[in-house]
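The task is simple: from the sequences and hints, build the whole structure.
Read off the chains here:
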Amino acid sequence: MSNSSLATSYSDNKLSLNFSGELSLYTIPDYQKQFDNLNTDAVNHVTINLEDVSFIDTAASIFINNLQSFYQNQNIKIKILSSCKDINDTLALVENQKISSSGLPHANRDTFFYSFGKSIHDHYIGLLAFINFFGELFATKVYYLKSIKNIRFKEIAFEVNESGIKALPIIAITSFLIGLVVAYQSAYQLKIYGANIFLVDMLGISMLRELAPLITAIVIAGRSGSAFTAQIGAMKITEELDAMRTMGFDPFIFLVVPRVLALMIAMPILIFVADIMGVLGGMLVANIDLNISPTLFIDRFGDVVAAKHFFIGIFKGPFFAFLIAIIGIYRGLKVKDDTQSIGFNTTKSVVEAIFAVIICDALFSIAFTNLGI
Amino acid sequence: MASVIEVRDVKTIFDERVVHDGLNLNVNSGEIYGLIGPSGCGKTTLLREIVMLQKFHAGKINVLGNDLSSISHDNAQKLRREWGVLFQAGALFSSLTVAQNIALPLVEYSDLSKEMIDEIVEFKINLVGLKSNDANLFPSQISGGMKKKAALARALAMDPKLLFLDEPTSGLDPISARDFDRLILKLRDLLGLTIIMVSHDLQSIYDTLDRVAIIDNKKIAFEGTLDEVTSVKSEFIQTFFGEVK
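Just so you know, the protein sequences line up as chains A and B, in that order. Heads up: the first sequence runs through residues 8 to 380, numbered per this note's numbering. Heads up: the second sequence runs through residues 1118 to 1362, numbered per this note's numbering.
Keep in mind the hints are simulated off the structure, nothing from the lab. Since we're looking at a predicted model, the values are computed, not measured. Every residue, glycine too, gets a C-beta built ideally from N, C-alpha and C. Any given hint could be a false lead.
Derived list of chain B stretches under chain A, where covered just means 3 residues or more per stretch with a C-beta under 8 Å from a C-beta of chain A [what the hints assert, rightly or not]:
1) 1161 to 1174
2) 1227 to 1240
Listing some non-contacts, in silico: residues in chain B with all C-beta distances to chain A over 12 Å [said to hold, decoys possible]:
3) 1123
4) 1130
5) 1146
6) 1150
7) 1156
8) 1249
9) 1251
10) 1283
11) 1290
12) 1292
13) 1294
14) 1300
15) 1343
16) 1352
17) 1354
18) 1355
Calculated lysine-lysine pairs in the PhoX-like style (CA-CA distance at most 20 Å, straight line) [as the list claims (entries may be wrong)]:
19) A:343 to B:1231
20) A:156 to B:1172
21) B:1172 to A:341
In structure tokens form, the structure reads like this:
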């Protein structure tokens, strides 16, 4: 790096350190090693000679300063020889800073119990905040749906298009493939027993009742839930939400309610499409693999799959949509003033939305079965 | 002069940190009033409390005759139409163009025809010194200075009586900053506004402000005109204003 050197000479209990050249953060690690190996037991006078030093940086000054205090603490007399003004100024700067600073505070490491308790408390606060959000949502909904002209049809239509209509292709393809795969795997098993025709019962009921609503909800949670979080989170960071509030536009009316309503409208439609595509996928496998003609498939479908299965599937739609939308928006509103928090909350929103949908589905499943529907 | 904003013994506490401990100030009608203080002293917090974005823990804030701690929902909505707020980074709605941003309050709150709104928008755009061709650009397509001007135009859309500015000249180059100062003075004279701003920009403080409040150590260290300010013994005031004398 730079041509500097340290010469140590030792005589009559006097140690003299002669630095020369450029003294900087690149050279001091070597000197530190040299000092570590130095035996200073019998020394009572130290002279640091900086006369030949051409340049000293702050790191090296701190090093010299530390040397000074190290020897002083051992009651060894120390003298610094330097006549260059720049060097003396740098040394003085370090010296003065050291006097006035009280040292960096130590970052306290939390104990296990502290962090455990804190995380429980944070979750508890989070739950309360969510309930609070829920309440506010209902309060605003009630307050504003008093009058029909408060409903923001334009925004709702926009959101239905954005998170409903535009999601049709992906829902159709996913559902078609799931129908295909389920039928293909069951066909293999059913063939063993010669129970080919039961494919229709199985596929029809599982698709209409459980699979189509769940797949739709999961795709929408990934697609719209995350979009809601990111959009609203970004608006929060750029103070757009605050700007809305000061203009008297309640973000709940402008952003939250339209998104929730739009998704609740779009979801049943999407599930309907998913039903059709899933059954079509199964029909294709039945025709190719099990020699069940489409006519036969549809005949059998009408006989064995009751309409209630279809209605149950559609009925779940708005509930799933509600969960996905409010979790996405809630997470968006939780975003703090940093970019990291958008990513964190988006991930959280998708995971929590899917989790909530599955719990909700399980509850419905138990309830409907017990009700005999 | 009638006072437009009155702040009495306001206390603000974040978690355990006391930010304001009994603030008192008065803003008179028609003046340009500055909130000044070291970073972290709670200038922006006070501004946010006055525009009802944040709750305060004790005391009273009275804006245009409304007590904010007991204001009803409908009165709050009415009050919000009587002020305009310019945020530090503009806070234009990123999904709308400049013209749509300015038109939004008009569209929402009035029954004006589209042509009329367009005309008002064009007037406001020219008033703040933007060009008519900028109207159809999105906030992401314009510079920082233009964003501030567009946001100012939006704040002025409803012809408010009160204008709040949060560091209007921060992030602008010195020439644009002086332009902005002149613009603010011009608007005050043209529209008879009362302007409350948070600022760090000494030049802009001397050029525009009629009266200032200096917040230091959780309290108002000084309230009055700039001529009297250096007589006050406060470390912040001496370092901030000392060099100018």
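Of the numbered hints stated earlier in the document, which are not met by this structure?
Numbers 2, 10, 19, 20 - these are the hints that the structure violates, sorted from lowest upward.
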